[in-house]
Amino acid sequence: MSEKNDTESNDTQWPLWEVFTQPKDGKPHEHAGSLHAPDAEMALENARDVYSRRNEATSIWVVPSDQITASSPEDSGPFFDPANDKPYRHPQFYSVPRAAKRRS
Amino acid sequence: MNEEAKQEKFQKRIDNGEKIEPKDWMPDRYRKQLTRMMSQHAHSEIVGMLPEGNWITRAPSLRRKMILLSKVQDEAGHGLYLYSATETLGTSRQKVIDDLLNERAKYSSIFNYPTLSWADVAVIGWLVDGAAIINQTMLARSSYGPYSRAMVRICKEESFHKKQGYEMVATMADGTPEQQDMIQDAVNRWWWPTLMMFGPHDADSPNSAELIKWGVKSKTNDELRQSFVDRHVQEAHTVGLELPDPDLKFNEETGHWEFGEIDWDEFWNVVKGNGPMNRERVNARREAHENGKWVREAAEEYARKKRLSKEKAS
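Which chain is which? The protein sequence lines are E and V, in order.
Just so we're aligned, residue 308 is where the first sequence starts under the numbering used here, counting upward by one.
Just so we're aligned, residue 2 is where the second sequence starts under the numbering used here, counting upward by one.
Hints were generated in silico from the structure; no laboratory data involved.
Hints may be right or wrong, so weigh each one.
To be verified - In the DSSO-like style, the derived pairs of lysine-lysine whose C-alpha atoms are separated by at most 30 Å in a straight line are:
| hint | chain 1 | residue 1 | chain 2 | residue 2 |
| --- | --- | --- | --- | --- |
| 1 | V | Lys96 | V | Lys20 |
| 2 | V | Lys20 | E | Lys393 |
| 3 | E | Lys331 | V | Lys164 |
| 4 | V | Lys20 | V | Lys220 |
| 5 | V | Lys107 | V | Lys220 |
| 6 | V | Lys157 | E | Lys331 |
| 7 | V | Lys66 | V | Lys96 |
| 8 | E | Lys393 | V | Lys13 |
| 9 | V | Lys33 | V | Lys20 |
| 10 | V | Lys33 | V | Lys273 |
| 11 | V | Lys10 | E | Lys393 |
| 12 | V | Lys96 | V | Lys307 |
| 13 | E | Lys393 | V | Lys24 |
| 14 | V | Lys20 | E | Lys331 |
| 15 | E | Lys334 | V | Lys24 |
| 16 | V | Lys220 | V | Lys24 |
| 17 | V | Lys157 | E | Lys334 |
| 18 | E | Lys334 | V | Lys20 |
Unchecked claim - Computed footprint of chain E on chain V, listed as stretches where at least three residues anywhere in the stretch have a Cβ under 8 Å from a Cβ of chain E:
| hint | region |
| --- | --- |
| 19 | 22 to 33 |
| 20 | 74 to 81 |
Idealized CB from N, CA, C, for every residue including glycine.
From just these sequences and the hints, can you work out the full model?
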């Protein structure tokens with residue numbers, strides 16, 4: 308590369324992948340971060356080297372970043388509000404006889 | 002909602018201690034400042050591999066060699082966490098790397114000093130990583146979610162870096178007279194540049210107030226520098242090393258170590274690109290990028306061929 312010249316436009320650094328790791332057997336997979344890789348297999352290997360150098364994962368998922376659909380923060384109010392007026396979905400909504408309470 | 006109302010709502014979220022996530026609305030300047038800060042941080046991790054990498058082949062034992070290899074690999078990992086976090090702000094990886102290779106972006110000036118002896122590897126782990134921990138522990142509470150999460154991950158690994166360094170410092174300080182001279186010489190050369198890592202005095206740091214208002218930082222440069230000095234003076238004295246500052250003295254009243262004035266001419270000179278190793282570091286990065294090009298292309302082509310043969314088979 309000549310000085311002051313940017314890298315060629317087709318030098319893309321590869322597509323972006325999101326990495327999810329399962330910290331322990333039985334735990335859910337959690338988002339760990341992202342990385343670049345040419346395909347899924349190499350994305351998995353890179354994910355192991357980048358996000359699990361100290362046994363932080365027992366299992367890894369990689370997903371192409373552009374395949375993830377996320378809820379949008381602007382609409383989060385109306386999007387989540389169907390749950391707001393349903394307190395009867397929680398056990399705290401109910402009162403039970405004292406005697407039964409003590410036993411549990 | 003107009004711009005002003007959005008700004009106000011944003012500031013309220015910050016003041017409430019909420020984390021800002023990539024798709025949330027944020028002021029352009031918040032995005033810009035974070036992109037600058039996080040990419041600089043990523044570049045520092047990557048360039049930071051060079052001074053220590055210089056000694057891998059000459060490590061004094063297999064144990065030390067494995068440790069150093071592992072540490073340098075961690076720095077590459079830290080760079081990747083931070084490049085990924087920077088990308089969530091909407092700047093491509095390619096652009097961020099181009100900025101480093103074409104010197105539009107900076108990295109920590111500490112890496113523009115040379116590593117002249119093996120003792121420098123010990124002192125870098127102890128002082129430079131020690132300073133990084135103090136800075137990064139604060140940044141782990143940063144208001145930007147992806148930055149904060151990357152920092153939490155980094156901090157966990159950084160304590161190994163400091164500890165292996167201090168172990169080596171202690172070993173050499175307790176060694177032969179030659180080893181003692183070597184480690185003292187390294188401390189003399191690295192002490193002041195390490196203090197400069199925290200940046201200019203608060204009064205001369207134009208970005209500080211804004212970054213604190215936005216919850217990106219929670220302490221000023223001078224506060225961070227003071228906690229570094231307090232901790233490391235103690236550690237130096239514990240292993241019988243002197244620090245090259247005649248003004249260093251303990252203030253009983255404040256409970257802090259007072260220290261002399263930093264040579265700010267040297268600081269700005271290195272920031273502006275005239276440090277002993279600035280040219281060499283950027284050239285090494287350019288070469289690595291250029292020499293790695295065929296690997297990136299080959300991997301892409303391999304992936305393409307594999308995809309094709311899979312399509313054919315199905």
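These are the hints, each one checked on the structure:
1. A hinted pair counts as satisfied when its Cα atoms are at most 30 Å apart, and lysine 96/V with lysine 20/V qualifies at roughly 26 Å.
2. As the CA atoms of lysine 20/V and lysine 393/E are separated by approximately 27 Å, the hinted pair is consistent with the 30 Å bound.
3. A C-alpha spacing of about 27 Å is found between lysine 331/E and lysine 164/V, which places the hinted pair at or below 30 Å, so the restraint holds.
4. Annotation: proposed proximity of lysine 20/V to lysine 220/V holds, straight-line Cα distance about 18 Å (limit 30 Å).
5. Only pairs whose Cα atoms come within 30 Å are accepted, and lysine 107/V paired with lysine 220/V is accepted, the gap being roughly 22 Å.
6. Between lysine 157/V and lysine 331/E the alpha-carbon distance is near 18 Å, which keeps this suggested pair within the 30 Å criterion.
7. The hinted pair formed by lysine 66/V and lysine 96/V fails the criterion: a straight-line CA distance of about 34 Å is larger than 30 Å.
8. For the given pair, lysine 393/E sits about 28 Å from lysine 13/V by alpha-carbon distance, which is consistent with the 30 Å threshold.
9. A C-alpha spacing of about 17 Å is found between lysine 33/V and lysine 20/V, which places the hinted pair at or below 30 Å, so the restraint holds.
10. This hinted pair checks out: lysine 33/V and lysine 273/V have alpha carbons roughly 21 Å apart, not beyond 30 Å.
11. Taking the CA atoms of lysine 10/V and lysine 393/E, the gap is about 28 Å. The hint holds against a cut of 30 Å.
12. A C-alpha spacing of about 29 Å is found between lysine 96/V and lysine 307/V, which places the hinted pair at or below 30 Å, so the restraint holds.
13. In summary, the hint linking lysine 393/E to lysine 24/V is supported, as the alpha carbons are separated by about 28 Å, within the 30 Å threshold.
14. Between lysine 20/V and lysine 331/E the CA atoms are separated by roughly 26 Å; this keeps the pair inside 30 Å, and the hint holds.
15. For the proposed pair lysine 334/E and lysine 24/V, the alpha carbon gap of about 27 Å is at most 30 Å, so the pair holds.
16. Between lysine 220/V and lysine 24/V, the direct Cα distance comes to roughly 27 Å. Compliance with the 30 Å bound is thereby established for this hinted pair.
17. For the given pair, lysine 157/V sits about 21 Å from lysine 334/E by alpha-carbon distance, which is consistent with the 30 Å threshold.
18. Taking the CA atoms of lysine 334/E and lysine 20/V, the gap is near 24 Å; set against the 30 Å cutoff, the hint holds.
19. Only residues whose C-beta sits within less than 8 Å of a C-beta in chain E count toward coverage, and the region 22 to 33 of chain V has 4 of them, enough to reach three; the restraint holds.
20. Residues of the region 74 to 81 of chain V lying with their CB closer than 8 Å to a CB of chain E number 4, which satisfies the three-residue condition for coverage.
Of the numbered hints stated above, the single one contradicted by the structure is hint 7.
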